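Chains S and R, in that order, are what the protein sequence lines are.
The opening position of the first sequence corresponds to residue 385 in our numbering, with each subsequent residue numbered one higher.
The opening position of the second sequence corresponds to residue 385 in our numbering, with each subsequent residue numbered one higher.
The hints are simulated quantities; they were obtained by calculation from the structure and are not laboratory data.
Treat the hints with caution; some may be incorrect.
Identical copies carry no separate label here, and so any pair may be met within one copy or between two of them.
[Stated by the list, open to error] Simulated pairs of lysine-lysine, PhoX-like, Cα-Cα distance not exceeding 25 Å:
{"hint": "1", "residue 1": "Lys734", "residue 2": "Lys989"}
{"hint": "2", "residue 1": "Lys949", "residue 2": "Lys589"}
{"hint": "3", "residue 1": "Lys949", "residue 2": "Lys801"}
{"hint": "4", "residue 1": "Lys537", "residue 2": "Lys853"}
{"hint": "5", "residue 1": "Lys561", "residue 2": "Lys779"}
Please read these numbers as outputs of a predicted model, since none were measured by experiment.
There are 2 protein chains.
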Amino acid sequence: MKKKLVADEKKKVADVAAVTQHAQPASSSPPAAVSTPMPEPVAVVPEPEPVAVPVAGPDGRRRAIIEGVTPQLDGGRFAIKRTVGDTVTVEADVFTDGHDALSCVLQYRKAGAGDWQETPMRALVNDRWQGEFVVLDLGRYEYTVTAWVDAFKSWRHDLGRWVQAEDVAIALRVGEKLVEQASQRATGGDAQWLARRAQELVGQKELEYRRRLGLDEDLARLMTLYADRSLALQYDRILAVVVDDERARFSSWYEMFPRSCSAVPGQHGTFRDCEAWLPRIAAMGFDVLYFPPIHPIGRVNRKGKNNTLTPTADDVGSPWAIGAAEGGHKAILPELGTLEDFRHLVHKAKEHGIDIAMDIALQCAPDHPYVEQHPDWFRWRPDGTVQYAENPPKKYQDIYPFNFETADWRALWDEIKSIFEFWIQQGVRIFRVDNPHTKPFAMWEWLIGEIKQSTPNAIFLAEAFTRPKVMHRLAKLGYSQSYTYYAWRNTAAELGEYLTEVCQGPGREYFRPNFWPNTPDILTEALQFGGRPMFMSRLVMAATMTASYGIYGPAYELMEHVAVKHGSEEYLDSEKYQLRYRDRQELDGPNSLCDFIALVNRIRKRNPALQSDWGMRVHQVDNEQMLCYSKVTPDRANVILVVVNLDPHYTQAGWTHLDLEALGVDPQQPFQVHDLLTGAHYLWHGPRNYVELNPHRMPAHVFRIRHHLHTERDFATFEG
Amino acid sequence: MKKKLVADEKKKVADVAAVTQHAQPASSSPPAAVSTPMPEPVAVVPEPEPVAVPVAGPDGRRRAIIEGVTPQLDGGRFAIKRTVGDTVTVEADVFTDGHDALSCVLQYRKAGAGDWQETPMRALVNDRWQGEFVVLDLGRYEYTVTAWVDAFKSWRHDLGRWVQAEDVAIALRVGEKLVEQASQRATGGDAQWLARRAQELVGQKELEYRRRLGLDEDLARLMTLYADRSLALQYDRILAVVVDDERARFSSWYEMFPRSCSAVPGQHGTFRDCEAWLPRIAAMGFDVLYFPPIHPIGRVNRKGKNNTLTPTADDVGSPWAIGAAEGGHKAILPELGTLEDFRHLVHKAKEHGIDIAMDIALQCAPDHPYVEQHPDWFRWRPDGTVQYAENPPKKYQDIYPFNFETADWRALWDEIKSIFEFWIQQGVRIFRVDNPHTKPFAMWEWLIGEIKQSTPNAIFLAEAFTRPKVMHRLAKLGYSQSYTYYAWRNTAAELGEYLTEVCQGPGREYFRPNFWPNTPDILTEALQFGGRPMFMSRLVMAATMTASYGIYGPAYELMEHVAVKHGSEEYLDSEKYQLRYRDRQELDGPNSLCDFIALVNRIRKRNPALQSDWGMRVHQVDNEQMLCYSKVTPDRANVILVVVNLDPHYTQAGWTHLDLEALGVDPQQPFQVHDLLTGAHYLWHGPRNYVELNPHRMPAHVFRIRHHLHTERDFATFEG
């Protein structure tokens, strides 16, 4: 009775073509969902399935094991990130019981695109296999690994090793069957060729000749093409990669308050005024122009100059106190212009190669229309007031936070999504999100997934200056770029360690750092007291350490450095609370960093090594006031070596200890370093080289390394 | 219209008490399966679900994030291992958006036992939380983590910080609501107490008095007990721990060929003869007595002495060539005795505290009954012969491997399981499995899961001398212990590195190393040429490095060291192919290591530090012929420090560089080291101490460290 059952099962099992390692019955595995609908309410929610209970696959004859697939975030919970044209290198531990040979393929596809494409994986050492695919389109790709015990490969391996004629003869008869079976899987000419070869293996020809037929490369190629995959096993997870456009990886941000853009002192700037600034910003080499919120500013509890609580009638308030009678997050402050003006500016900026980035701050002034329309989106206290934003004893009286624990959260999420959609319709696709870590992570994951579904080139920069795991969660769930701790890393040791963490750590699969030396909230002590050398070195480092960086200008070019009070990082007379007129002549004058910034951005544009974070390496210098690091392209065609004097007061000098292998430099040959900041050339040799930097002249070297071309006659001939 | 819908959904959502981070509809999450049924055939098998697609939880107000839960193997795919009485320390990254306070509990239960038990987790640093539970029963436990944003905790925190009376007054009114709501979740006296306290918070008493009532510890305790968990979030995986009995962690194995046990030279040993050896084996301190296969031995292609192909009529063959007319894997070689005799021996051994371990070798002699009964379980070649075991050009003519790709694999798996079950019925519960890596991993995972379901104290030792990832997979899928590379690690650097890997590496959660200096297959070059000092040092290291170790005796005690030929690790006149009589007087004589082994095993039994692998640390010695390592119990009550001279020929001496912190030794105080092998005592101080070992006297120190008791009068007073 039992045996009969087993026999029946056999037939069914044999029909299954490709199954997964731990597949469940069809009813329990929904098809691959690509869209990310807002979560639906459910009446009964079961406990999570205990994944650790061992369950053998549905066909015990699938003997391949696939584990340790990388890259992989949190067991496949999150997608890794790449940009268009990148290569995704996938590795896996693949093995089977016994000594049989395996074949292994990397499978990939655009999410929702149906059939897998595949590429063979190569065995490295120690059961590790590797393959790669290139992501050519924006959007979401999926990848996984499939492997099978390859009877033909094992057979071919043994055929080459048998020593006795008897063994060879039997092996050829086994091979006949394998090749004959493959001919039945093949079509057309291949099928005929294989069928003929099967017969030849057991034909009349001499044994050694037939052995060579069995070992023939053409046969191996066709047997791979028509391999028996009936017992192939697919890895039990499908992993994902989100592909962004290049600007998500490589971008130069310029933050500016539009209301300060007027050419007339004391007059409120407009979007039209901003257009006049575009050539200047483009000439400096920036490609993202980011505005603080441009919406109507609340009048209730409006802040006065320097964050005072006693504003005068003409005080303009903080742009982050969003919303007033004129409208909220989808409206424009009338003083700046109309929606039409804004669209015109976005269009003009694009002509200069510049994306306008919006600041999305999900909070409301007390007179924001939401407060009246959706009182249940806010947390009301027993005394009938709203619990405004606070970090006891600090209070933000001009800002009400949303209450994300409202029972009406679905409507709130929908409305927030519609804010992003509204501005996308106006031509914006880059969003700097204010304090995303004070809004639910689940909302961001859903929202960013939804937005990127329809706008795959959307870019989200997370302004979360908070604890590392919180910042990393935001990056994992979808934020394209992240602010960092860069502004507060000062010593060579701190900077080198942090740089190594963000460029070489496991977070690099999803966390794209964006280094800012200043922001309207952050005027560091270093900038307050370091003078021009510090402004220059912090700029050079931000621009060469990470592929994305930004400055808050024109405060930066003009080296504004006076804090509102001792020990504060707030600017005196901060633009957050008032208009700031800047003199055009000063901006273009000798005390402006405009030209220097333009030079640094040109260097970034011309050197692909500076356009990615992955090829970074810190090198030792025997002077702790100096920092040395390099960035190289994967092919080492472009090698940049930066040396910075962190001391803004005195000349510092020292000897490098270069990791020549990382630089692709032959230790036996001299190499030329060409300082892209000053034009100077030096001929270096080996790891130890002398460097000296006077911060008042130039606090950094940004060397391009040119390899020696091995012409014996002329030592000065270098490539590139 | 839309708003109406949202409002309806709200109500349903509010009813859900505890949901998971990424729960699916009820129909797609089968209840936690504890049994591990043989996989069923399925007609259509879907692709694996792309886990990486972001899906927000079913209630967007569940704001806790739980990630990075450890210990966790392969995303929860496999269970970690512990033994009865162990503590499982669980950590997780737990955080939420914003600044609200969290509460977090570790949940655990016997698998299938229904309700969770729970224990609070403590916040460490950097959003890391920790908790622990003790596993008291054999079998499988499950654990996971649940966290929630704790409104009362946040409120209490703020209440302590408000400075203005107005703020305190409003806060107390908020607190009234929170406490009142808790009183409704509470029962009996607690409910009344909380209701009263709620009223007191807004009562007539002075403000500061009422603030103190709000900050009161009793209130906090009750509010924790009746916390609002309606928006609690459970981690999206349930993790598992397999709990074995102590012998899985701490065991001393003795391998012996029963057929060599006769007291009469040339006579085939029996189980009755083996019983006579039990007192001797017990006196040496072993608790697992492991026999090579005890089944009928095939007659077809039987191997002769020294693995020859020309046996004589009285050659006994290899016990691993299992099966003959008398029966197969469930039968006993008649020369050894009957099944009744075997059970008697198992019973007798238990009286000596010894478990008999079976050798399960899943392979057949050509005349095994399976070959005729189940021809489809073997791989037949076109010439009508069976493809016998081979590793070209090597052939094992007396052994047919199973063909696990047979369409009849379900019946084969069932039969193999029944072999284990049969011997369990005879009183065996420890299995040493021969070459498990040449049988499907999926079968082992299913089989071990099944067996341990009914016999939770079953122990499986994997004899897989193969590549690291294969060995680790076997351990992850369920093997209780694993053979290792120990036999081939010779230098101090090699041994220290390997020891650190097996004791400190991530594998320690599931891979329990069992160190063997020799086996019937492994007579290392070191033992062949190192003489008595080498036999002693290899024994001491095996016995003190890992909590489980074993020797193949009496070859070890007698220091048998002659290989069959130069460059081979095979014993001359190996018991694998013939009987070997050992003289009783020699076994108990001065050239036997019996007493030394007994001493070492006594040291193991008396020192808990040697009964676990986790507390190991390698220390530096400035002589590369010497190795120094320590093992400590978690409470540091038992500290063992081992120093070995690896040079079997010459005295070696050197200075230690002890990691005193790992030893729990005060660097300012002297400490006593007591050599448990020789009885010698030394007074040491600080990290640098002189050691000298003459290998011909004693090649190792096994020190117990006794801490100074801080009595000023008597420096020689030590504890323990």
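Results for each hint:
With identical chains, the CA atoms of Lys734 and Lys989 are at most 25 Å apart within one copy only, with a shortest distance of 18 Å there and 78 Å across copies. Neither within a single protomer nor between protomers do Lys949 and Lys589 lie at most 25 Å apart by alpha-carbon distance, with minima of 96 Å and 42 Å respectively. Taking the shortest alpha-carbon separations for Lys949 and Lys801, neither the intra-copy value of 39 Å nor the inter-copy value of 78 Å comes in at or below 25 Å. Within a single copy, Lys537 and Lys853 get their C-alpha atoms only as close as 46 Å, which misses the 25 Å cut-off; across copies the closest is 22 Å, which meets it.
For the identical chains of this complex, Lys561 and Lys779 are inter-copy neighbours only, at 23 Å across copies versus 81 Å inside a copy, given an alpha-carbon limit of 25 Å.
Of the numbered hints stated above, those contradicted by the structure are hints 2, 3, listed in ascending order.
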